[in-house]
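> Once you've looked at the hints, dock chain L against the given chain X.
Quick mapping for you: the protein sequence lines, in order, are chains X and L. Residue 156 is where the first sequence starts when you use the working numbering, and the numbers rise one by one after that. Residue -18 is where the second sequence starts when you use the working numbering, and the numbers rise one by one after that.
Warning: the hint list may mix true and false statements.
Every beta carbon over 10 Å from chain L, so not counted as near; a handful from chain X, in silico [stated by the list, open to error]: (1) Gly231; (2) Asp248; (3) Arg280; (4) Leu295; (5) Ala340; (6) Arg343; (7) Gln388; (8) Gly430; (9) Ser469; (10) Asp498; (11) Trp524.
Listing some non-contacts, in silico: residues in chain L with all C-beta distances to chain X over 10 Å [what the hints assert, rightly or not]: (12) Ala20; (13) Leu28; (14) Trp37; (15) Asp39; (16) Arg90; (17) Val93; (18) Leu110; (19) Ala111; (20) Gly172; (21) Ala173; (22) Gly207; (23) Thr211; (24) Pro217; (25) Val254; (26) Arg257.
Some chain L residues judged to face chain X by a derived CB distance under 7 Å, without partners named [to be verified]: (27) Leu164; (28) Ala167; (29) Ala169; (30) Thr170; (31) Leu171; (32) Gln236; (33) Val239.
Because the hints were derived from the structure by calculation, they are not lab data. We put the beta carbon where it would ideally sit given N, CA and C, even for glycine.
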Amino acid sequence: MTARSDDHPAYGAPPAGGALRADVGVVRGGFDLEVRADVRAGEILAVLGPNGAGKSTLLRALAGLLPVSRGRVAVGDQTWDDADRGTFVPAVDRRVGLVFQDYRLFPHLTVLDNVAFSRHVRGGRRPDARAHAREVLGRLGIEELAGRRPGQLSGGQAQRVALARALASDPQLLLLDEPLAALDARTRLEIRTELRAYLATFGGPTLVVTHDPLEAMVLADRILVLEGGRAVQEGVPAAVARRPATEYVARLVGLNLYRGAMTDRSTGRVDLDDGGRLFAAGHDPGEGGHVVPLPATRMLVALAPTAISLYTHSPDAGSARNVWTGTVAGLELLTDRVRVAVDGTPDAIVDITPAALADLELRTGQQVWLTAKATEVTAYPAPG
Amino acid sequence: MTADGDHAPVHGRSPSAVRAVTDAGRRTPWPLGVPAAVAVAFLLLPLVGMFVLAPWRDLPRILAETQAVEALRLSLVTASVTTVISVVVGVPLAWVLARSRARAIRLLRALVTLPLVLPPVVGGVALLLAYGRNGIAGRWLYDWTGYQIPFTTAAVVVAQTFVAMPFLVVTVEGALRSADAGLEEAAATLGARPVTTFRRVTLPLVAPSLAAGAVLCWARALGEFGATITFAGNLPGVTQAMPSAVYRAFETDPQAAVALSLVLLTVSVAVLVLLRDRWLRPGAGL
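Excised from the complex, chain X in its bound form:
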């Protein structure tokens, strides 16, 4: 039986090439999301944020599974959502490929028919839909899975099939919800690099939702950090990693982050809000290189845990311009180093080698001295 439906537009690939322009507000229960996301055709935007930041809500709104309360969603020259005009194109009429976190493959259909599903239900003849599905599977290098059922696939294979199914629906916008979250650590490593190459085969805008900064850095051209329903930072991966805008991002990328005001531009002195001060030689005037109006500009200061030296005795006056003291609050063994949490002004996370830990005989509550070169301290204007 062929599914023919009269009210569908003719099936076939619409020209993918339109950019996504979304500026939406969604209110759901006590939560509200206000975010603007523009993604060019061929560009991959990662939406990075903790659980409950509104990432999935954004994805569902873009997919048409959830109407927006405010704003507009447009892809190319088509408007999918316009709250002011009451325009809402439901998911079924949007050309959107959504790869669900749990894949949601149809268990009663073979891989081939899963991938052929969209073209078939949009009015394509079954042989045509299957031929196209085979071609997409071939493009992703998984043709040999065509005859299997989803129950017979490994996690990594199911992930590829889900992507194939989304790509085979001729989408104008590709959405991926935590694409690697359901995989075990080893498979994730393997798929991560592959996925980037697969996504490059899609010419339209792509949006990847993730809570994993590494995933965002590897997959995306640009990262949008979402916290509490608001975009807190947006930029290329390197900029987000080097100059995190919030504690959440800093923690994700493994940096100490402080807020403060620059009180002396010539020395790069920043007085921190929570006490203490740091000298930053590497202070950065910000994007565009314009002169930062000083003094008392709101600044963020980033300091890598590996750039801090830790002593159990007051260090000799060295070249380090930042010297302060604190007490050991906790020790955590990471794979190749030991992370020491130090309470002081300011607090700091310090990474040392396991050998150093043995030499120093650190205990919780012990007094320690910390030093950091000013060249290791990066200061940049706080956003907003």
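For chain L alone, kept in the frame of chain X given last:
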């Protein structure tokens, strides 16, 4: 299934030691075993009695004399028609009950499943008051067309459907409820409209439960007596299905009643066995 035959020697233990351990773990404690045995005996003895005391020698003659063949044919036809009707309107009803978020749905579900607990005779009376010649709906039907449902073969189907359809609805609704709504969402993002999604995704997923529900419905219709005899009567060849035939025979010739019962039992068991392997799995709802 059980892990029978799982007696391979385990590292560091003799096979007999392993067996002793597993057997001890599997032994039924007597406070449960004794009542269970009583229950089994209670359920099986009537069947044994029927087989032991059945008039095997006179069976062909009795079946030929009574309207057994006619009644059996009527039973099979009406039960099958009932099942088809129940599937056609019951599955959509199950879908509405499973997917609607309206508050009134809870009340509707209670009403729809009422025939499950209602004594069938009461159901028959209610059917007369609704579709009988003076019933609230039957009156109009009679005035407009001169047709009346009670005491026709159609009445047998009506009575059976009233009693049996809820079995199908409840079974399918349970399956739809536990079916993954996420798959329907996925189908929507792939461009499938709700009816297409229902046909190509949801229905195949609940097929085992639908089959189980249909068998339950069919079996219940086959055994329907109370509502049928009240609403449709007991006219040989027209409304006399097997249960009614057994009842009629019992008043005059108990031996014939036993013979007819054997036929009904055989049919029921045969259908169950035939469908069991193909459709019914543990967990399918039957």
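> None of the hints should be skipped; say for each whether it holds.
These are the hints, each one checked on the structure:
1. Gly231: holds (18 Å)
2. Asp248: violated (8 Å)
3. Arg280: Label holds. Min Cβ-Cβ 15 Å, cutoff 10 Å.
4. Leu295: holds (17 Å)
5. Ala340: Check passes; 25 Å lies beyond 10 Å.
6. Arg343: holds (22 Å)
7. Gln388: holds (29 Å)
8. Gly430: Holds, since 49 Å exceeds 10 Å.
9. Ser469: X:Ser469 is indeed farther than 10 Å from all Cβ atoms of chain L, at 60 Å.
10. Asp498: holds (46 Å)
11. Trp524: holds (55 Å)
12. Ala20: Correct as stated: the minimum Cβ-Cβ distance to chain X is 38 Å, above 10 Å.
13. Leu28: holds (38 Å)
14. Trp37: holds (47 Å)
15. Asp39: Nearest chain X Cβ is 52 Å from L:Asp39, so the label holds.
16. Arg90: The claim stands: L:Arg90 keeps its Cβ more than 10 Å from every Cβ of chain X (closest is about 27 Å).
17. Val93: holds (28 Å)
18. Leu110: holds (43 Å)
19. Ala111: holds (38 Å)
20. Gly172: For L:Gly172, whose nearest Cβ neighbour in chain X is about 5 Å away, the distance does not exceed 10 Å, so it is violated.
21. Ala173: violated (4 Å)
22. Gly207: holds (40 Å)
23. Thr211: holds (43 Å)
24. Pro217: holds (43 Å)
25. Val254: holds (26 Å)
26. Arg257: holds (21 Å)
27. Leu164: holds (6 Å)
28. Ala167: This interface hint holds because 4 Å falls under the 7 Å limit.
29. Ala169: holds (5 Å)
30. Thr170: Given a least distance of 4 Å, the restraint on L:Thr170 holds.
31. Leu171: L:Leu171 check passes; min Cβ-Cβ to chain X is 4 Å, inside 7 Å.
32. Gln236: violated (51 Å)
33. Val239: violated (46 Å)
When each numbered hint is compared with the structure, violations occur for hints 2, 20, 21, 32 and 33.
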